[in-house]
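Colleague: Those protein sequences? They're chains A and B, same order as listed.
Following numbering that gives the first Met the number 0, the numbering of the first sequence begins with 0 at its first residue and continues without gaps.
Following numbering that gives the first Met the number 0, the numbering of the second sequence begins with 0 at its first residue and continues without gaps.
These are calculated hints, taken from the structure and not from any lab test.
You may find that some hints are simply not true.
Note that identical chains are pooled: a pair holds if it fits in a single copy or bridges any two copies.
Pairs of lysine to any residue residues, derived as SDA-like cross-links and limited to a Cα-Cα distance of at most 25 angstroms, are as follows [what the hints assert, rightly or not]:
hint: 1; residue 1: 351; residue 2: 154
hint: 2; residue 1: 252; residue 2: 451
hint: 3; residue 1: 325; residue 2: 300
hint: 4; residue 1: 351; residue 2: 147
hint: 5; residue 1: 6; residue 2: 360
hint: 6; residue 1: 325; residue 2: 46
hint: 7; residue 1: 343; residue 2: 43
hint: 8; residue 1: 8; residue 2: 198
hint: 9; residue 1: 351; residue 2: 387
hint: 10; residue 1: 308; residue 2: 387
hint: 11; residue 1: 48; residue 2: 232
hint: 12; residue 1: 308; residue 2: 93
Predicted, not measured: the structure shown is a model, and the values here were computed from it.
Protein chains: 2
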Amino acid sequence: MFDPVEKLKEFIRHKSISTDSSQREGMAGAQQFVADLLGSLGFAVDVVKTDLHPIIFARRGGDKSWPHVVIYGHYDVQPADPLNLWKTPAFEPTIVGNRIYGRGAADNKGPLLTNIAAVAQVLEANPNLPLRITFLVEGEEEMGSPSFPKFLERYADKLREADFVYLSDTALPNPDQVVLTCGLRGLALFDVQVTGAKGDLHSGLHGGVLRNPIQALAEILATLHTPDGRVNVPGFYDDVLDVHPWEREELKKLGTDEKAYAEFLGIDAFYTTPGFSPFESARFQPTLEFNGIGGGYQGEGTKTVIPSKAFAKLSCRLVPNQQPDKIKQLVRDTIRARTPQGIKLEFVDQHKGEPYVVVPPGRSNTPKDQSPVLARAFRATEAAVTEVWGRPPLYLREGGSVPIISQIKQVTGLDSVMLGLFLPEDNLHAPNEGFSLDVMKKGTETTRRMLLALAKG
Amino acid sequence: MFDPVEKLKEFIRHKSISTDSSQREGMAGAQQFVADLLGSLGFAVDVVKTDLHPIIFARRGGDKSWPHVVIYGHYDVQPADPLNLWKTPAFEPTIVGNRIYGRGAADNKGPLLTNIAAVAQVLEANPNLPLRITFLVEGEEEMGSPSFPKFLERYADKLREADFVYLSDTALPNPDQVVLTCGLRGLALFDVQVTGAKGDLHSGLHGGVLRNPIQALAEILATLHTPDGRVNVPGFYDDVLDVHPWEREELKKLGTDEKAYAEFLGIDAFYTTPGFSPFESARFQPTLEFNGIGGGYQGEGTKTVIPSKAFAKLSCRLVPNQQPDKIKQLVRDTIRARTPQGIKLEFVDQHKGEPYVVVPPGRSNTPKDQSPVLARAFRATEAAVTEVWGRPPLYLREGGSVPIISQIKQVTGLDSVMLGLFLPEDNLHAPNEGFSLDVMKKGTETTRRMLLALAKG
């Protein structure tokens with residue numbers, strides 16, 4: 000059995016920044032690392048070429064009656080800049096106390112290796128374990144998984160042989176309370192561009208004659224929310240699923256402290272959907288956010304120009320059962336209808352992702368046709384978490400998005416069990432990313448027990 | 000007598016970009032060029048040091064009973080970038096047909112040299128001309144004349160000995176119709192910065208919880224105009240002087256074509272102060288414009304961030320008798336009152352300039368105490384324009400701003416006679432700046448006649 004911490008160090012040293020084309024060596028190294036490691040555990044490893052970064056598809060077969068789990072992870076990481084804010088070198092893994100620091104430690108190399116270690120342990124002790132396991136490890140997660148849909152089409156039949164997906168790429172709210180994520184928000188993103196005059200104009204010679212596109216853009220954007228915090232787009236909420244009482248109850252158990260949250264954010268007032276606490280709003284309600292805005296002169300001092308153009312970057316977080324394409328259409332139609340005379344309007348489409356929800360067994364809204372193996376997987380995970388962490392997990396939807404989870408569901412019908420392993424202090428996508436070695440140990444033990452229980456039936 | 004066109008070429012070759020600290024040689028060269036030229040005409044030249052670029056103060060004295068004109072100009076120019084859009088080298092003056100191209104050709108080297116040439120001609124022919132002439136040529140006009148107020152305080156007494164200011168730094172609407180500019184708009188500029196959370200946030204984890212500062216900024220800016228085109232700030236119009244009927248009549252003589260103007264701008268609808276045509280609105284009404292806006296992610300693709308900050312750059316063009324400080328206060332107070340909860344607000348002050356108006360003699364609103372020499376200067380200029388151009392000038396206010404004109408008025412009481420010499424096609428502040436040699440000839444002759452008539456009384 001390999002030493003998971005030593006292996007994680009080796010994994011982190013590969014600079015696998017998927018968006019940086021100068022890091023091909025790091026990408027190849029990380030991909031080879033995963034393939035070799037799974038090969039050494041007896042998996043049949045396919046390295047599936049894509050237009051960009053290969054996907055590792057590694058199988059441990061067996062009898063078709065055996066349960067079959069797909070374990071998902073990704074071997075790519077975010078860029079590490081700004082490097083000067085790192086206290087230890089970003090790609091030289093460093094242990095301080097009970098934590099390991101380095102880019103990718105938490106997202107997703109540490110959690111992925113946690114699950115690989117669990118598989119290694121369980122197979123070493125039970126070489127004939129009646130469990131089929133497929134690893135699906137991609138290299139484009141940090142760039143929006145552009146090759147994933149094509150891969151999914153090609154491998155749909157093979158994936159349909161499985162019973163569910165298991166992954167650790169979501170959050171652990173604190174070291175004492177595990178969350179099994181049972182919902183993710185979707186995404187609908189596009190840019191709005193407005194144009195006034197055909198070129199920038201001198202604001203002295205022409206000021207007072209035409210509508211400034213920044214003014215037009217501000218006027219449009221200002222209509223898109225109500226003062227009390229709802230998205231002001233007709234039809235926006237039509238398909239929103241009601242939150243079930245058990246979900247609100249579950250969230251209350253997390254012990255939410257609004258004052259501490261406001262302090263963490265540095266704000267003196269929340270602004271949420273009416274009827275939802277800040278914690279509920281982020282997990283249960285859709286949003287329309289402005290991620291960026293630009294136009295005219297942005298440098299120091301002044302330039303008395305009436306700009307020709309201005310733009311904003313919009314993103315909606317969607318909840319079940321909102322459809323990204325329908326929402327994009329609704330928002331665009333609304334913007335078009337609210338654009339003043341004298342202003343030309345253009346949209347630039349960006350990506351999208353479906354929202355996702357899975358209901359654990361035994362809840363009031365659990366589907367009657369829920370797969371028995373999925374139900375067993377939830378129960379096995381819950382039992383393992385309870386034994387290892389001393390407290391049962393909570394089932395909560397998360398505000399973030401992992402678009403491939405809903406893609407897998409749509410194409411193959413497979414649901415996901417998501418064991419959150421990264422803590423708020425793990426600094427994902429930021430300098431000084433780290434991962435708790437204690438969480439790693441407990442996570443490995445949790446997954447080991449889950450796999451064993453699943454195999455035993 | 001020197002050759003004005005050859006002298007202009009020499010003047011243009013000096014790269015006198017006042018905002019570019021790497022162009023000190025060009026600034027020194029242009030300043031020396033002006034000082035030497037005026038010295039060669041018999042002027043007593045002071046090169047007045049400032050914190051930045053020297054001001055040339057050159058005098059031809061005489062009997063205190065003689066009329067005394069201050070001729071203003073500036074020897075600095077705008078930066079020339081983007082250089083790749085120039086058809087001829089920016090600092091290598093090139094004559095094509097009847098035009099000379101090069102940075103500064105029209106703003107302000109050509110017009111300044113036009114006036115110097117007129118002075119040279121008139122003094123060569125009349126060495127004992129009973130006229131006092133002072134040249135005031137600065138090197139910071141293109142950066143907002145930061146050293147001018149201090150200079151003005153020091154030289155106020157010397158300037159008060161003069162009767163009026165004469166300059167050519169305004170526009171000629173077409174080669175057949177001279178305009179004597181009798182009003183300029185003022186300026187009041189500042190930035191607005193809004194802050195939400197203390198750092199950028201992940202829009203999945205926190206979206207739906209707090210007000211996005213881009214949203215807050217859009218909501219604030221959207222309140223600052225009415226749908227029909229007025230500035231929606233209480234008190235904004237309180238001090239606006241009514242436009243006199245003769246001013247509207249004068250503007251009509253310019254032969255304004257709204258359709259052609261809309262085509263020139265590339266817009267399909269005007270947006271003006273109600274009751275004012277586009278041409279009237281730009282010259283007679285104040286504005287509140289957004290010169291720039293920025294916040295969050297502005298790159299390609301997407302970044303699902305809730306930004307911490309957003310900003311906008313605001314500028315008001317002011318008309319008599321609006322006061323920049325009062326207007327800044329009104330707009331800031333209005334913005335503060337309209338800022339939603341949970342958003343922090345900051346202002347960054349930028350510069351300002353008073354509006355200016357002078358009424359030519361014989362109008363319904365000419366001040367009863369108008370200086371007789373100023374009235375003679377207007378009449379002499381009008382007669383000279385009529386003789387040289389074959390048509391009398393129009394007296395129009397201009398939408399742009401030349402803040403030093405109102406500063407001189409405030410500190411010394413001197414009014415200005417502004418003979419516009421640059422044409423719409425002269426591309427001020429843009430690539431391929433040029434100046435008409437025909438306008439240069441006619442301008443020289445106009446000023447020569449004006450000076451002679453003024454001296455003769």
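Colleague: So, for every hint listed, does it hold in this structure?
Modeller: Verification of the supplied hints:
no.	hint	result
1	351 / 154	within (22 angstroms within a copy, 66 angstroms between copies)
2	252 / 451	neither (29 angstroms within a copy, 93 angstroms between copies)
3	325 / 300	between (43 angstroms within a copy, 21 angstroms between copies)
4	351 / 147	within (13 angstroms within a copy, 56 angstroms between copies)
5	6 / 360	neither (36 angstroms within a copy, 91 angstroms between copies)
6	325 / 46	neither (36 angstroms within a copy, 70 angstroms between copies)
7	343 / 43	neither (56 angstroms within a copy, 57 angstroms between copies)
8	8 / 198	neither (54 angstroms within a copy, 30 angstroms between copies)
9	351 / 387	neither (37 angstroms within a copy, 68 angstroms between copies)
10	308 / 387	neither (57 angstroms within a copy, 43 angstroms between copies)
11	48 / 232	neither (42 angstroms within a copy, 61 angstroms between copies)
12	308 / 93	neither (47 angstroms within a copy, 34 angstroms between copies)
When the structure is compared with the earlier hints, violations turn up for hints 2, 5, 6, 7, 8, 9, 10, 11 and 12 and for no others.
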